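Asks: As given, the protein sequences belong to chains D, W and F, one line each in that order.
For the working numbering, count along the first sequence from 1 and bump the result up by 939.
For the working numbering, count along the second sequence from 1 and bump the result up by 616.
For the working numbering, count along the third sequence from 1 and bump the result up by 71.
Please keep in mind that the hints were generated in silico from the structure rather than gathered at the bench.
Careful: at least some of the hints might be erroneous.
[Claimed, not checked] Facing chain D, a subset of chain F residues (Cβ under 7 Å, in silico):
| # | residue |
| --- | --- |
| 1 | V140 |
| 2 | L674 |
| 3 | Y871 |
| 4 | M902 |
[Stated by the list, open to error] Derived Cβ-Cβ restraints for the label pairs, each shown as a range:
| # | chain 1 | residue 1 | chain 2 | residue 2 | range |
| --- | --- | --- | --- | --- | --- |
| 5 | F | G657 | D | Q1034 | 53 to 59 Å |
| 6 | D | Y1077 | F | Q345 | 43 to 49 Å |
| 7 | D | Q1034 | F | L441 | 50 to 56 Å |
| 8 | W | D776 | D | I970 | 29 to 35 Å |
Keep in mind that this is a model prediction, so the values were computed, not measured.
Idealized CB from N, CA, C, for every residue including glycine.
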Amino acid sequence: MNGFVTINRYARALSVPLSFAQTELRSGKSIIIAKLPLALHQRFELRSLTIAVISILTPGVIPIYLNTAMGLASAGLYRSLMVTGPLAFAAFTDQNCVTNPFSPCVVETPGIYRVIVSNNTSNADLSVVVTGSLKLYY
Amino acid sequence: MAYLTENMLSNVVDLPIALPATDLRMGDWVVVSAIKITAPMRLTYKLAVLQLFASSVDTGLITNGNKIYGNLGLAYLTLRRNYSSGNAGAAGGLDVLTAPSIGLFSRPLNNIVVSVTPGVYSWIVANNMQPSTDATPLIPPSTSIDFRLAVTGSARLELDST
Amino acid sequence: MNQLESALVIALRDTIKWESAGTGSDTFYVAASGSLTPVNADLPFDARVYQSRDRQLAYRDLIVSAAVVEVSIQVGDVWNYSTLKPNLQGPAPFTLPHLDAEAGTYSSQVRHVLNTSIPLDAARYADADLYGRDSLVYEILARACGSIFTEPSIPRLDPLGNTIPNTSVWSLAQGAPAQTDINAVLPLNRDLFKNPDMNLADRDNQLAGYVSRLAQVLKNPFENALRLYVQIESFGTIEREPDVYALISDDGTQRIFQTEPALSGANEIIYHTQHKTLQWIREDLNEVHVPQIYAMVIPGVELGQNIETLAQVPDRKDAQYWRGKAKLLKPTGLEIKDTDLYLTTTNNGSVIGGLMQRDTASLTVPNQILFNMEGTLPAGIYRVSALAAPTGLVELAGAQNTTYTSGTLGGATFEIDVASGNIGNKLYFVENGDGVFYNGSYYFAGDAFMGTTTVPGYTQSGIILSTIRQYSINFDLALPAGSWIVLMEYTNLTGTTDGFRLKAQYVATGAEAVTVIQDAAPIPFTTTNGNLIVTPAAGVDVANSEPFSFPIYWTGGGGQLHIRKLSFERTDVDAARYAMTGSFVGSLAYVDVNGENKKPGVLRWEFFSYGSHHGPSPFSTNYLEEGILPIQLRQVQVQTIGTFQTTPLSHGFQTWRQECLDRAERDIQQDYALAVNDYGTDIPTLRDTGSYWLPDATENWMSIAEVYCPRLREVPAIAQNAITDGRQYQVDTTLVVYHGSTFTEGQKFYGVATSGSLYSNGSVHQVGAFIKSKAGHVGKPALVPRGLYFDDTENRVKAYFDSPDATPILMACQPWMIAQGIYVAQPDFWMPENL
């Protein structure tokens, strides 16, 4: 749709917050920070999901990666539990990272979707912040 | 004034600044939200509420000597760009909301912070307390002044600032 | 070209008035043949005859006016430019009827009557010349129109150009605006005829003025156009299709037209009004186009490349067009590229290790598996993705036994009536008779013996001949420890039987055999030979994850046993952890994830190599933990991770590729709706009665969408007799010959019905904007039918809607979609995953 937005249409466009304030994420652990069931005729778009690693809490550690492809820590949108198969993701490698908002991740097939933040190391506890938003149309 | 189109609606993202009730120790701080923007995005910050529920000490006994930054109240919520570490109350922040006492404190909505500079924008809530530097402190220096607080707010991200 | 240039000086009036133009009765109509009312010189003078002729001539002027308006409208449609055109006071057709015999000279003169003339002279000279003037003006307009438009809006009178000349000279012919009619009450003198003729000549002058100006516009549309439709020939790897260039600037010297993406100073056509030149500025500024004298076709940048301005209304653009547009602009960020190293199926000889199941390779217990792939890899970072599905169901095809037994449709068919000389490395059974002598021993009816290929023959022991059949097959596999259910799918192939006595055993390494399926009672077979039956479920407790044997014995019953499939299933484990190392091009990487039973996911490793690689590049993975739920590895794909070479000055165009994708989606949806409308009630169904998405439904659904969008999907390796009308193909080998034309590598051609379906000498692929998804495409834009979903309860793909409502929608590709064969957008549409 590319027309004008009516009052009714605007009322059926909701911003769903994805908020994970600074939290200690132990090595190898994942946390589901949002879980959203999507029904028929609904659609959501993920535009922005930022991950910031505030600090490495384990002193003097050289991280050992559990998931080499997902950086030190990652946050992503998933249909399955495998953190290496995200529909969209932001991974902290050497700097904070955000999903590309100019290429939104669109989901319009019914199912249950999770936003999972994951510590991808086996030996480094991390302090992590994740902030984002989904726009749900129904 | 133009009408709102689907494209425009899709290009506007409201991002949360949210911290559920959390106990924050004396002198500690927590990053509540972090948002990374690049050109040509625009970040607009209007709404934030800082609620101080409770204190581990009688706030009437807190003096300026207990404050790390004298002008930042008991606790504060600050917005900083490209924050990596260190005390969040230092100069250079883009905005600050202070809680001078127990209660609920909001930013004035007409005090709008707009930024188009690329970077990572972090909202940090901090406990502004320290062991008193007064000669005769009302609160023993060994006592930790902790607060239970919550943050609620929102920032608007427009993908195209033009 | 001579196009009435001398008429350019004529001052124009804005309306060609109707006046007394003939219409509405047979007397006054201009006949379809173009003939005027004839004058019979033998009859007495009748003013009405002459009057009707003049009115018909006036009506011909209106037809020419309508033709001018028609061409003007076409100019507006094509170049978005509103030309000068006359107002009409009523509708008139725009095709001028013409009869050569009615015309006088075509020199634009008019031989007006003189005082010495007779009335017939008005008809045979003045009227004829006026008739010729109308035809001349019309024909010159039609020629100008025909010379430029691919579909001219008005037809020519003289297609061969033999009769009506081109001329730049136009005679005013004493034209004077003063409407008069030949009236019987007026004196019969010269002016009776000449005055109306001068009025008609004046009308012709006006028309000549309009046509001359219109011809100038048609001669050089660049002077006035607000929009150009330009085809720049593809060259090298950049594919270009006809594009709309809109006027963005006109400072009186340079008229600048620009197309999308409208980068600053790029993708422009510049017309210089003084030098009369055209210059093309493309998005890549490394090579500059030399300005060329304007023409509808001019040379491009590369040798042999042409730039053609198309005089036609722009076509609606398909997804493949938007793919080409998306490709023109490279964003900033990391670029993921597909390589030619991939496996879309893993139940084949490319895979070594693990357990080969019926449809896929798998790791049932901690073990190692290797995928052989071959191709070319540049130095850098590689992403290896595997489409994986944890599953408590392990299915082996009957033919996957270790006793050299094969059969129809991948099953295992027990040999019967084994003749002497055909004994192999199997266990055999003496069915009846007096027994046989084999390999130094006697075996009687009911005995079993182990055969060997070194002794292929046996002899009959006694008078009553014995028949020998195969006794058992064996499977070797490993499963996680725990309780499993075993099922066998079997049938009878020949003869008759009421049932088979089957015994199956679990034989762990170094342990006693444990009977899993008892042969105390036969398993019934009461249906037609070839119909598959499933044995009742039997339980087996697997002791540990070590390999075990699973022999199946056919201990009794007639007929010929055929085992199609053997299944092991556990239902007590819903999720498991998978810690797996990966090894590729000398680099190591790790994966440690959770997976849910029967829900597809993607495993992803990243590797780095300093050097490029050619030839075999195997990928191996070692499954370390947790080992409680087997995992299928259905596909593997290698991609490279590099950096986009960002298009200069593209700041602010970050959404370009997404916009192209959105436009492609809209076009596909329109095409799908057209196809659904055409099919009507005959549209194929894509679901079965349980709303399950049928196995070949995805391809069938794409075929429906392809009806009006022939360049929708890319299909590799088109068979040499499968060229289809309307589809586009690209040559993959040195050359290909289609319908007598030779195309070299990289060139494209369209299938044409009249050119047949055969090509030769090489191979081609079908060009399309979407490719079949592979393991590394998770998250990429995929074309999915509305209402398709993965049912988490049944762990199957289902659809809410059948084909009429299964509108294509673009959305992020999910792992189960890859397993279903969904198509994703070509990499030209892809954006960086992160900023």
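Asks: Decide, hint by hint, whether the structure agrees.
Replies: Evaluated hints:
1. V140: violated, 34 Å
2. L674: Given a least distance of 5 Å, the restraint on L674 of chain F holds.
3. Y871: This interface hint holds because 6 Å falls under the 7 Å limit.
4. M902: Holds - the Cβ of M902 of chain F comes within 7 Å of chain D, reaching about 4 Å at its closest.
5. F:G657 with D:Q1034: 53 to 59 Å: Since the Cβ atoms of G657 of chain F and Q1034 of chain D sit about 28 Å apart, the hinted range of 53 to 59 Å is violated.
6. D:Y1077 with F:Q345: 43 to 49 Å: violated, 60 Å
7. D:Q1034 with F:L441: 50 to 56 Å: Given range 50 to 56 Å: violated, Cβ gap about 36 Å.
8. W:D776 with D:I970: 29 to 35 Å: holds, 33 Å
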